[in-house]
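Enquirer: Residue-level listing of the chains:
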Amino acid sequence: MRNLKWHIVAVTIIALSLAGIYFSTHLFIPTSAQGAPRIIDVETKQFAFTPETIHITTGEEVIFRVTSTDITHGFYIDGFNIFTDVPPGETVEIGPVKFNDPGKIKIRCATLCGPLHPFMVADIVVEPNTPYYLFFAATIVVGIGSIVYLNKPRQSPALLKRLFDFEIDLLKIKKIGPLLKRVLQWRGIHFALLLPNLLIFVIVLASGFFGNPMGALNFSIAVVWILWFAAVEFMILFASRFWCTVCPLPAFGEWLARRRLAAVHEPKKWFSLKKVWPKSLDNIWIAALGFLGISLIIPWLVTRPVVSGLLFITLIVAALVLHLIYTERHFCLHVCPASAYIGYHASASLLAVRSRDKSICDKHIAKECVRGGPKGYGCPWKRYPGGLDWNNYCGQCFECLKACPLDNMTLKYRAVDKDIQAKTHTKTDEAWMGFIRFTLAVFYELVFFGPYFWIKDWGNMGITMGANLLSINLLTPTLQGFRNWLGWAVIVSSVALIIFPAVFFVFSWLAKRAAKDKENTSKNVFLAYSYSLAPYGLLLWIAFAITLVAVNWAYPMRAFSDPFGWGWNLLGTGNLAWRPFMSNYIPLIQAPIVFVGLVLAITSTHRIGLNLFKDQKKAFRGTAVMGALHTLMAIIFITLLMG
Amino acid sequence: MSDSYKNDSNGRKKHWAIWEILALLLLIGSVVATASAPLLDSFLVGVKPNEVLIRMYAEEAGGFEPSGIVLIQGVTVRLVLMSMDVTHSLVIPDFDFDSGPVHAGYRKVIEFTPDKVGTFMFYCNTICSSMHPFMNGVLDVIQG
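In order, the protein sequence lines correspond to chains A and B. The first sequence begins at 9 in our numbering and counts up by one. The second sequence begins at 157 in our numbering and counts up by one.
Check before you lean on any hint, since a few could be wrong.
Unchecked claim - Each pair of labels, with its calculated beta carbon distance range:
#1 B:Ala-173 to A:Glu-527: 56 to 64 Å
#2 A:Glu-101 to B:Asp-250: 29 to 37 Å
#3 A:Ala-145 to B:Leu-196: 56 to 64 Å
#4 A:Ile-507 to B:Ala-173: 54 to 62 Å
#5 A:His-63 to B:Val-226: 13 to 21 Å
#6 A:Ile-90 to B:Gly-300: 24 to 32 Å
#7 B:Ser-192 to A:Ala-239: 44 to 52 Å
#8 A:Asp-109 to B:Val-294: 35 to 43 Å
#9 B:Leu-196 to A:Leu-414: 46 to 54 Å
#10 A:Glu-51 to B:Asp-250: 33 to 41 Å
#11 B:Glu-207 to A:Thr-647: 51 to 59 Å
#12 A:Asn-108 to B:Asp-271: 32 to 40 Å
#13 A:Ile-644 to B:Ala-173: 31 to 39 Å
Stated by the list, open to error - Partial list, derived from the structure: chain A residues whose beta carbon lies under 7 Å from chain B:
#14 Ile-184
#15 Leu-187
#16 Pro-382
Claimed, not checked - Counterexamples of contact, computed for chain A against chain B with all Cβ distances above 10 Å:
#17 Gly-97
#18 Val-156
#19 Leu-192
#20 Val-210
#21 Leu-297
#22 Ile-507
#23 Thr-529
#24 Leu-578
#25 Gln-624
Just so you know, these hints were derived from the structure itself, not from any lab. The beta carbon of each residue, even a glycine, is placed where N, CA and C say it ideally should be.
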């Protein structure tokens, strides 16, 4: 108990002093900056501000003199109630604006000006940038603190144990448990969850192909790439693969192959060639590289409705064809890029489908969870649900909960590192999925919410038009645009596939040296350690998603009222104005999330080290080296946010 | 084995087929209904009989839609101007009509009474793309 008290005291002191230092930085406003306000000329164009970064002293008054070199833009500064139009051919004076709070904020375009409008930003650094220095120091404290904390085996105090080392059988909770069980065992539940989602999907396809060419006003972009994308990142953490439960992409294939929408049909009567999935493809390489491939066209995908529409229809057709050839969820297991990353991070999720007592499953010969039975299909994801200890490839279809005659399958809420604790994983395809996801979380923060125009422009092939199916010709790039895009493609793929994995390898090799380990190959140590990126990467993506939603929440709300961007107003939200939510405080919400990610990365690294080296001292040395890399990555991310 | 798929544990026949058919009808019905939503545009866009809807796209993406309108001399209409992609405006120089900027995703409703008979051009007066100078349409005013 004494131990616990100290923890609480320490955490409180740290939290209070951080808050104190942060707010005290706001008290010292220099009064020297008197006299006439400084005039700063700002030029706007599709989709950039010049200058890209503006340095201002705290307390200074500034007048912005803004012009446009092409079409009408707008001017908004985080935390100020300024939403001004900048029409072409005029010089708009904004201000005087007084900057009292130190830190980095953004200028954003406030008037819809084209597909990349949501990413048209510039930085204002209000000097001295004390919040950044503070959070920079805090990152190091969190990183080194976590490493040092792991230097000897610790008996976690009760509170920490409850927070970080719990496992709850959700179906045994009083009152809610039995109800949840009935719902999940009802044969119609999957169909009932799918149907509304499928209708949303019909709207996504229709609006993608025929709706407004401008992404921000089109359901297929505004709802999918702002709301869905962000929701899924949170969903992975709290509900594992729940998206896969309700995903409509493979539904047509599955229904057709089973020849049933909800009821169980005998496997031998399925409508499928029932081929065996090739051994060489029994991995997630296609999906991981597909995810990278999608990233190469991401500036188009998330801004042009037709590109999204084409991607989704391709995935539906692929799922349908694969179901009819191979039966079961091979599309989800090996092809779907979203499934691959959701699954990869799901190993760090709080929710899991597990058996209550594995020994019962092992002794039970009938194994309906694998072979199927009259109450439920055998696992469509080709797992042995009774023996699950790894979330990656459990699609949460809940068929095993229905099929099990022994009532031994359940839903568990458990600590995030349970899967990593269970055993060492060393699969190259999964490792690279982790590298790609982690790299892109950092890279996207730089590209989409950084002020550097050239990199957005390279990815966008320099095209200023939106497009639906009828105006797809507008996406024809110039030769120069295409060359620039090749440059972008080389940068993205080399960073994600080679540079970051190489850095990670060097660190893992050093970690192995530091641990004086002779049992494991360097390759295995490298691959095993890469799984610490599962919780880390997920939290960085959550941090990224927060900006997207906080700034652009108005677009999905509008799209629900006006899915095609044609001026409808079904629910009364069709005319919502674009108003960022607390955008000047976003980094202060993101930073703690990054810190949680960092702590989870380091503790997971330690778990992996314990599994690999079977020795606390060796594991700690490995953790110290890998922890340095994790801390370094957190510093880079914090610098992007606040520096 | 196959009996257990047809009958429940008490040996009663399962009525799965009814539920399957219901689910199928529900599926097809709701998908068709949702997919036909675009056809309801003229109802859902909320334009009254005395209003004339003009959607404005960049010239590359279609320009004014419709690009030709017919009005009756002396009859007041409300022009519903809707910008679809970026900021546009509509001017009819012969009538000294200028809508001022209309932002993408919003509409401006302006009363307009044509007092002359003839064929007139209307233009976009806010630079909106590289093809902006070609963004125009035709207004026919006929005698009532």
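Enquirer: Compare the structure with each hint and give your call.
Expert: Verification of the hints:
1. B:Ala-173 to A:Glu-527: 56 to 64 Å: holds, 60 Å
2. A:Glu-101 to B:Asp-250: 29 to 37 Å: holds, 35 Å
3. A:Ala-145 to B:Leu-196: 56 to 64 Å: Holds, at about 58 Å.
4. A:Ile-507 to B:Ala-173: 54 to 62 Å: holds, 58 Å
5. A:His-63 to B:Val-226: 13 to 21 Å: violated, 57 Å
6. A:Ile-90 to B:Gly-300: 24 to 32 Å: Violated: the Cβ-Cβ distance is about 48 Å, outside 24 to 32 Å.
7. B:Ser-192 to A:Ala-239: 44 to 52 Å: violated, 28 Å
8. A:Asp-109 to B:Val-294: 35 to 43 Å: violated, 54 Å
9. B:Leu-196 to A:Leu-414: 46 to 54 Å: holds, 52 Å
10. A:Glu-51 to B:Asp-250: 33 to 41 Å: Given a distance of about 36 Å, which is inside 33 to 41 Å, the answer is holds.
11. B:Glu-207 to A:Thr-647: 51 to 59 Å: holds, 53 Å
12. A:Asn-108 to B:Asp-271: 32 to 40 Å: With a Cβ separation near 55 Å, A:Asn-108 and B:Asp-271 fall outside 32 to 40 Å, so the hint is violated.
13. A:Ile-644 to B:Ala-173: 31 to 39 Å: Given range 31 to 39 Å: violated, Cβ gap about 59 Å.
14. Ile-184: violated, 26 Å
15. Leu-187: With a closest approach of 21 Å, the A:Leu-187 hint is violated.
16. Pro-382: This interface hint holds because 4 Å falls under the 7 Å limit.
17. Gly-97: violated, 7 Å
18. Val-156: A:Val-156 is indeed farther than 10 Å from all Cβ atoms of chain B, at 53 Å.
19. Leu-192: holds, 18 Å
20. Val-210: Per Cβ check, A:Val-210 is inside 10 Å of chain B; nearest 4 Å; violated.
21. Leu-297: It holds; A:Leu-297 is separated from chain B by about 32 Å at its closest Cβ, greater than 10 Å.
22. Ile-507: With a cut-off of 10 Å, A:Ile-507 remains clear of chain B, as the shortest Cβ separation is near 38 Å.
23. Thr-529: holds, 47 Å
24. Leu-578: violated, 7 Å
25. Gln-624: holds, 53 Å
Consistency with the previously given hints fails for numbers 5, 6, 7, 8, 12, 13, 14, 15, 17, 20, 24, ordered from lowest to highest.
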